[in-house]
Amino acid sequence: MKKKIIFCSLLLSLGTVMAQEKKSNISGGFENNSQWYLNDKNLFDENLLPTQHPEQPFRSNSYLFVNYKIKNFTFGVQTEGYYDKALLNLNPKFEKANIATYFAQYKNEKIEATLGYFYEQFGSGLLLRSWEDRALGINNALRGARFVYKPTSYLTFKTLYGQQRTGFEVSEGKIYGFDTDFNVFEALKKENSELSVGFTFVGRNEKTTLVNPNFTNLTYGIGGRFNYSRNSFYASGEYNFKSKDAVVQVKNQIDNNLIKSGSALLFNMGYSKKGFGIDGTFRRLENMGFYSERLANKNAYNDMLMNYVPSLTKQHHYNLANIYVYQSQPGIILNDPSMVKAGEIGGQIDLYYNFKKGTHFGGKYGTKLAVNFSQYHGLSGDYFIYNPQDFQTKFIGFGQKYFSDINIEITKKWNSKWQSVFSYINQYYNKKFITEQYGVINTNILAAEAIYKFGTNKSIRAQGEHLWADADKKNWASLLTEFNLSSKYTVYVTDMYNYGNDEPELRQHYFTVGNAYRLGSTRVSLSYGRQRDGLVCVGGVCRYVPASSGFSFSINTSF
Amino acid sequence: MKKIILTALLLVTTYNWCQTQMPNISLKDLEGKNHTITTDYSEKDKIYIFSFWATWCTPCINELDEMNDVIEDWKKEINVEVVAVATDDTRTQKRIKPLVNGKAWGFNVLLDSNQDLKRSLGIVNIPHTIVVKNNKIVLVQSGYVPGSENELLAKLKAL
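If you're matching them up, the sequences are chains C and U in order. First residue of the first sequence: 1, per this note's numbering; consecutive thereafter. First residue of the second sequence: 1, per this note's numbering; consecutive thereafter.
Fair warning: there could be bad hints in the mix.
No farther apart than 27 angstroms at their CA atoms in a straight line, the calculated lysine-lysine pairs in the DSSO-like style are these [said to hold, decoys possible]:
#	chain 1	residue 1	chain 2	residue 2
1	C	Lys413	C	Lys356
2	C	Lys274	U	Lys76
3	C	Lys413	U	Lys76
It should be emphasised that the hints constitute simulated quantities derived from the structure, not laboratory data.
Excised from the complex, chain U in its bound form (with noise of 0.2 angstroms):
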């Protein structure tokens, strides 16, 4: 039994432990167009931001709010783009188009709306954001502080 054990354990070491690519989901836009998330976000060496959000999540808004005003500047300095996916269900799904433009972000948003991209990535808790460049995942941030913006621009540049 032991020995199963052993090499069971062996066995999984020798796996790619840990998510390092992102699941092969499509998930629609604002505008009804479908995106796979594997495909269509692989540019060479450009960083994709995927956010995590909700319309009643409070903290959400104020990163993405707060994105909204450094990403020109970002973009500047790093080929980066950001992604804001919507996890709201079908309760509060019709006030992300009017939130979205009345707020004036400048994103592309999809929405999960049965929540299959957050589950499969394991999420529990809203804002999480990760970094994708040259289809690896290569930066998580579960929270986000008001502030944590510049922590953040200094991780992407060393990318």
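Okay, chain C solo, but in the shape it has when bound (with noise of 0.2 angstroms):
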């Protein structure tokens, strides 16, 4: 007991000093998303069923994270609690709670070594990315050891070693990764223009239980990349190779019969000065799929996903334009000759452009222009369903359309109190090809909002869109309208009506109401409504969400 009490008061004396240095400081956040699902025998799913809470109604996802900082040291801890249950449709490998990440990182100017969890991502990810999504139930950190070298401003070493995060375990396979970044007209004092190369490697290592495996247990990729900028204009590129691997069609098998290299191709390029901005993106992914053991290759919750191969579309705000939303085809299927994939590729491109302050459209404030157009194919080329099964790609030949969005949006201040924005969005989904289900649906969303300040910070927004479909649920009407009462607290109410859905049942309401308050740092919310069946997406992932109807409630802060 003694020396218990020693030991703490030398820690607490040592902690005064060190409280007095202010060399030392411990910040962190938390965060709880509950839900309590309730019985709807109003709301159907596709099958006519009425919706039906799990048998765990009450379920709550809960972060708490804790940093430590002295000196050039920090350590840090992130616990997580799952209770009943996570929230539905999340990785169920996310089960009661437990310490989900740790580290110690030590770091100066040149040099940066972390022991424990880390984040990292490699170019543009279509290699290497790992990081955390709450929304999506996503949070791929290695586990291992990284070390960053900054010998001057213009150099970067990274190398890094480590098992991937899966729930609170960690991956089979084992992950190597180097990157180098180089500045190029910062080491020549190049001025107002730059020119900067990378280059990556990325191994994983997992030994597989096949007999004859026709496949080697290490997987590489590597890649190399530029980034150009002068005056107005730019220009970067990416290319990515990943070493041959057994191919997974289907979830938990792998084909020891199909063995193929994949690879990303990424290029954009665009032009901007004051009031105006034009930017176009191309980008080529066969067979990239990359996970940190293989068979975790298509499952449904990203788990063990190594690289980041998002969707390159517009993000919309707008609730009917994200029914129809693209997910990127990095994946392999050779099923019959109707449906066979290899990949994608595609583009998209965007335009800003910003009419002055006093001219005949800008009027008083200025009037905002912003216009998108994206379209994806697949990989066109020769496919051999059986005796064996193959295909060789063209490299740059569209095959199969996928999907495209062209959309235009306008935003327009009026005076100092009202703002409005006008949308129109055309949309092209090829259900067949990009869910695996079936069916083709055109598009075409008008979406209106409007803004109004009063009283020296409250104001009210209203939003209206409507979308007309040609098939699968058809028309959708929605509309939104939000309170801002001060600063801190808001109130909304909105609705999503199918009413024009083939089937009268499925005429439904998707509802909610809410409130959420906000002081400094820490937001509160709570809300009671229908949750519409389908995709939730955050930076082109995307996760499923069954329908479901109750209350929300949601709490974050940071300290």
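Make one complex out of these two single chains by using the hints.
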């Protein structure tokens, strides 16, 4: 006991000294998202069955992280709790409460060394990205060691080794990585322009249990990239190659007879000056599903995902524009002659223009215009369904059309109180190929939004939308009203109505009423309503959620 | 056991509890130049408004549009600078430059592409605003509602 007291008082005095010097610091954050699911006999699914709450109707996800910083050292830990279970359709490996991640890091101007869990991204992430997205239930942090060395401001080397987090465990597969970034023009002291180049290597070693595998345990990826800009013009490109590995066409089935390599090409260029910007992106993906365990390929929870291949389309904020969301297609399927996939090819163009204040279109406060167009196809080539299964793709060749989206948005501020936004969106959605179901849907969406400010800090926002669709669930209408009663408190009500559904029973309302309170870095919200079944997408990565009804509560804060 | 917990609690209270300083992280701007959060935004008595946003976040864009309209007037009253930290990942990152220029914003824009800064500050939702003066975090505001910029100006003047 005596020893303990001495130890503690030593620590205490150390703490006091540190605190006085203000060299040490504790910070962190807490988040809880809870859902109380209810039975809703008036909300039907596609089989016309009423919505029933799961066996455990109350579910919640909680996250608490604390970081302790002292001089050049930082120590951190994140704990997570899922009670009774994780929210519907999150990875079932998220179970009970446990320590989720922890790390110790030393950092000075030139070096950074991390032990434990860390997040990393090489280039644009086409070969390696580990990140956390709680809304999607993704946390694929690597557990191991990472070393970053910056000998000068224009040169960076990174090297890492680790296993990937899956639930509260880590993957069998081991990941090695090396990345370097060199800012050429900074080294040459060239001003007003930039040229940087980068190189990436990623290896994944996973012992296979197959008896006579036609592939090696190690699968590697190499990639090169550049980034150039001069005055108003800029361009960047990246090419990645993934070595030969067994293909997974169907979940949980390693195909020992189809061994293919993969590749990703990304090219972007644009021109922008004050009041005008244009940007174009081209991307081609072939067999770029990359997981820390082979069998994880095509799992529904984005579990053990090693790379980041988001859909490169505009992320709309309108409710109805998020019903038919494109998901990128990096994988392979050689099912039958009418259903073959080996990747995707396509791109998008963005245009922004600001009509100046005082001009005809600009008016007193200016008018802002945003136009976006994206289109994606399958890879064209020769596909062989059996004896043996195989494919050869053309490098540049547009096959089956998957998706297109053309949209225009005009934002106009009328005076210091009123602002309005008008949008038109046209989408083509090949449901058969994107979600491996059936059908093709063409949609047109019109949306208008108005914001009115009054008093010193009050405002009302109203949003109306209509979607015309020629197939699937047909037409929808949506309304949203939001009252901001102060800078801290918001009340809202929203409804999406699928009035055009061919099936009368499915002409349903998806309404929500809710409120949110903010103070400093804390936000608390409570709502009641219905969740439409479909995809919840954040940053181009999606998760399926079933239809549900009930109360939602969330709180988050940082300290 | 109780004593240990008690001591641990005491210990914790003697530390600088709370995020009072920005983390030592460096981010690239739109020209590819590195900026260190702790050292490059440390002019004496100057107020730095770090506004966390993304190209897909409409309230964030509304906030920065509004800020862009009023910042010149604010600068007549206080020594202030807005740093717009774009949390876009590589899906939407290429949209930042044409959007910023297309909207004719006059802010410094930093790219937090794997969200290192956002994560280390424990930010869950954007928009999120952090005000720094003399290397100290003096104000934090989560969310944005139209009209709240007036309130922010009043608070900044009081700093």
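Against the structure, the hints:
1. Restraint check: the Cα-Cα separation between C:Lys413 and C:Lys356 comes to about 12 angstroms, which is no more than 27 angstroms; the hinted pair holds.
2. The suggested pairing of C:Lys274 with U:Lys76 holds, with an alpha-carbon distance near 23 angstroms, which does not exceed 27 angstroms.
3. About 24 angstroms separates the Cα atoms of C:Lys413 and U:Lys76, which keeps this hinted pair within 27 angstroms; it holds.
Consistency note: the structure conflicts with none of the earlier hints.
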